[in-house]
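Chain W: place on chain X using the hints.
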Amino acid sequence: MLEIKNLHVSVHGKAILDGLSLKVNPGEVAAIMGPNGSGKSTLSYVIAGKPGYEVTAGEVLLDGENLLELQADERARKGIFLAFQYPIEIPGVATMTFLKASLNAQRRGRGEADLTTPEFMRRVREASQRLKVDQEMLRRPLNVGFSGGEKKRIEILQMTLLEPRYGVLDETDSGLDIDALRIVSEGVNALRNANRGFLVITHYQRLLDHIKPDVVHVMAKGRIVASGGPELALELEKNGYRDYPAQAA
Amino acid sequence: MAAVQETVDRVRSIDVDAYKYGFVSAIESDMAPKGLNEDIVRFISAKKEEPEWLLAWRLEAYRRWLTIDEPKWARVDYPPIDFQDLYYFAAPKTAAGPKSLDEVDPELLRTYEKLGIPLVEQEILAGVERPRVAVDAVFDSVSVATTFKAELGKAGVIFCSFSEAVHNHPDLVRRYLGTVVPATDNFYATLNSAVFSDGSFVYVPPGVRCPMELSTYFRINEKNTGQFERTLIIADKGSYVSYLEGCTAPKRDENQLHAAVVELVTLDDAEIKYSTVQNWYPGDAEGRGGIYNFVTKRGDCRGARSKISWTQVETGSAITWKYPSCILRGEASRGEFYSIAISNGRQQVDSGTKMIHLGRNTTSRIISKGVSAGKSQNTYRGQVSAHRLATGARNFTNCDSLLIGSECGAHTVPYIEAKNASAVIEHEATTSKVSEDQLFYCQQRGLSPEEATALIVNGFVRDVLQQLPMEFAVEAQKLIAISLEGSVG
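So the sequences go chain by chain: X and W.
Here the first sequence stands for residues 56 to 304, numbered as in this note's numbering.
Here the second sequence stands for residues 160 to 648, numbered as in this note's numbering.
If you are wondering where the hints come from, they were derived from the structure by calculation, not from laboratory data.
Computed from a predicted model, the values in this text were never measured in an experiment.
Idealized CB from N, CA, C, for every residue including glycine.
Incorrect hints may have been included.
Said to hold, decoys possible - Have a look at the derived ranges for each label pair, beta carbon to beta carbon:
| no. | chain 1 | residue 1 | chain 2 | residue 2 | range |
| --- | --- | --- | --- | --- | --- |
| 1 | W | D596 | X | E167 | 24 to 30 Å |
| 2 | X | L246 | W | A314 | 57 to 63 Å |
| 3 | X | D189 | W | E229 | 30 to 36 Å |
| 4 | X | V199 | W | H570 | 38 to 44 Å |
| 5 | W | H586 | X | N91 | 25 to 31 Å |
| 6 | X | E120 | W | G564 | 28 to 34 Å |
| 7 | W | H570 | X | D118 | 49 to 55 Å |
What the hints assert, rightly or not - In silico DSS-like pairs for lysine-lysine, Cα to Cα no more than 27 Å straight-line:
| no. | chain 1 | residue 1 | chain 2 | residue 2 |
| --- | --- | --- | --- | --- |
| 8 | W | K396 | W | K513 |
| 9 | W | K592 | X | K105 |
| 10 | W | K534 | X | K105 |
| 11 | X | K133 | X | K60 |
| 12 | W | K592 | X | K206 |
So that you can see chain X by itself, here it is in the shape it has in the complex:
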């Protein structure tokens, strides 16, 4: 289980998360919705371990282990995957090279042997066909000159290969047209199973038409202010966030 307990986070002395608590069970898709500036992206970065965020109180537990004591790469090897809202460019490093380096780094971290090249290629081919990523794109440097839709598909391709315990999707729908949104959502849905959980962070209901959540949380002022079933998302779509002011007090 991924459990966040009373999390307080500040950046440059300014409080962004203010006592946030949340649980995501294995097999569950939890959506987090909220107005701009409510701290949604900060939450995703703190779970993944990005430097620069000061955790002043609280815990982030993966099956009882406090992730906050681990480096970002150690958390990744424990099974935390973050699909970035703005994926980063790595010039000169072919996407295929990056996929192999990261997959093998994780396998070694878990004491497993490197994948053989044929097995690696088989997995990449399978995943990239499903996500409509062509082989030519895998030879290009990671994210360099990729369109918004291509970047998001590559994020989901990485998640597919890395098979995380929990996938955190930060505004994965931003910058996607309808077709790309469908492809990406299908990619995520294909990964849903009884052992894997998702935290889907989004501003809009439309992503949740494609990735059906089990639970919807509303975030405002750096904490969860309402929780419910999928119907909560539809209600927000109708009424907007006017009942939930953005900034922390």
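Leaving out everything else, chain W in the frame of chain X:
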């Protein structure tokens, strides 16, 4: 990519103070007394049983050397070198040249084994399907083993130690020695001309494509020994040769001076590709004890349509002062310079190239990638000049710097000179940093900070790595990761 992981494993197994190649082998040396004077020059020449003309050439260089000062324009800082406190000659004690590997000091062979040079394997592997590499191994100053000679001989290629060439091919040596880098060229080249100990000599006859890559491993082994290599490569009309040079050196407390000279000559339609991977001891974390590398490398595209290409991966040395250059004399000749210079700790690099366009329609291309980490300073210094008669000359320069951390420096100093209106010279330069965002992204995918840095840097230098012969590219990737050890906080 497997090589990336391999590099990472190597990084793990080494820390800054435990330089892998820092061991000393216990072989007795036959040394000249410390210090430098005319008698020492005579001693070296006599030891090598050189002809009178070569001794005269050395002495003239020595006398000239006394009158010139050390260059001070480079962006490097080091305590004064006491040239009287160095040994200028040391040769491993063996009977007259060994006739086979069986005659080579077993201690020496063990040293090579430690270095991972498969010298013994080389001959076995000769019949195996695999790119063949002939090794002229330089141990301290005298060549002790040369392989593949027979096959090269069949093609008419001469590949031997410089001393051998002086004895067996005196006309060729005399015709070309000092014609690219004159004995009076600069302080270090002039010193080298006076006291050079040995090196490699290559002659490729007209129309011959050298059947294998030629390779030399340099290793500085004797305490306090300045290493003065002299290399001369001549590609006659329509010939081609690819030459690889790789270096490692044992750990020492004293700074070790290295002042080599490399001269390349291409005649009409000939091509020389010269690749270097330089991994000399860079000093400890405080910068103590590293190699001082003051090298003069120059190629002369003497013939029409000839080509010289320099590729270098520089990761070692406390101080690097090195500008492999091309004189583009022949009409439509071409010069290329591809460089990766990586500095970490307290290393100081001042390196670049000169492309001197003298002939009509000459072209040149410069791709330089500098990576600075730790507290190092990394300077690209390059000159591109098109002379009055070099109509239609073209140059393209791309010079990129990458910074890791906030205590290092990257500097770019291009000198561009066009003396005729038809010359076209382009210069592009960028400076960037390995960003926190890139590191976090890679770490989020499971790569350690060291693995992430190695991956990002290997991406940055990829254009140049692709210029290296395959086996060298793999070695170079390892060195890049090793040399960046400890650069991520």
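Going through the hints against the structure:
1. D596/W / E167/X: 24 to 30 Å: About 29 Å separates the Cβ atoms of D596/W and E167/X, which means 24 to 30 Å holds.
2. L246/X / A314/W: 57 to 63 Å: Roughly 59 Å apart at Cβ, these two residues keep to the hinted range, so it holds.
3. D189/X / E229/W: 30 to 36 Å: violated, 58 Å
4. V199/X / H570/W: 38 to 44 Å: violated, 27 Å
5. H586/W / N91/X: 25 to 31 Å: violated, 44 Å
6. E120/X / G564/W: 28 to 34 Å: Distance hint for E120/X, G564/W holds at roughly 31 Å.
7. H570/W / D118/X: 49 to 55 Å: holds, 51 Å
8. K396/W / K513/W: Measuring from Cα to Cα gives roughly 24 Å; hence the hint holds.
9. K592/W / K105/X: This hinted pair holds, its Cα atoms lying about 18 Å apart.
10. K534/W / K105/X: holds, 26 Å
11. K133/X / K60/X: holds, 19 Å
12. K592/W / K206/X: Judged against 27 Å, a Cα distance of about 22 Å means the pair holds.
Going down the numbered hints, you'll see the structure goes against 3, 4, 5, while the others check out.
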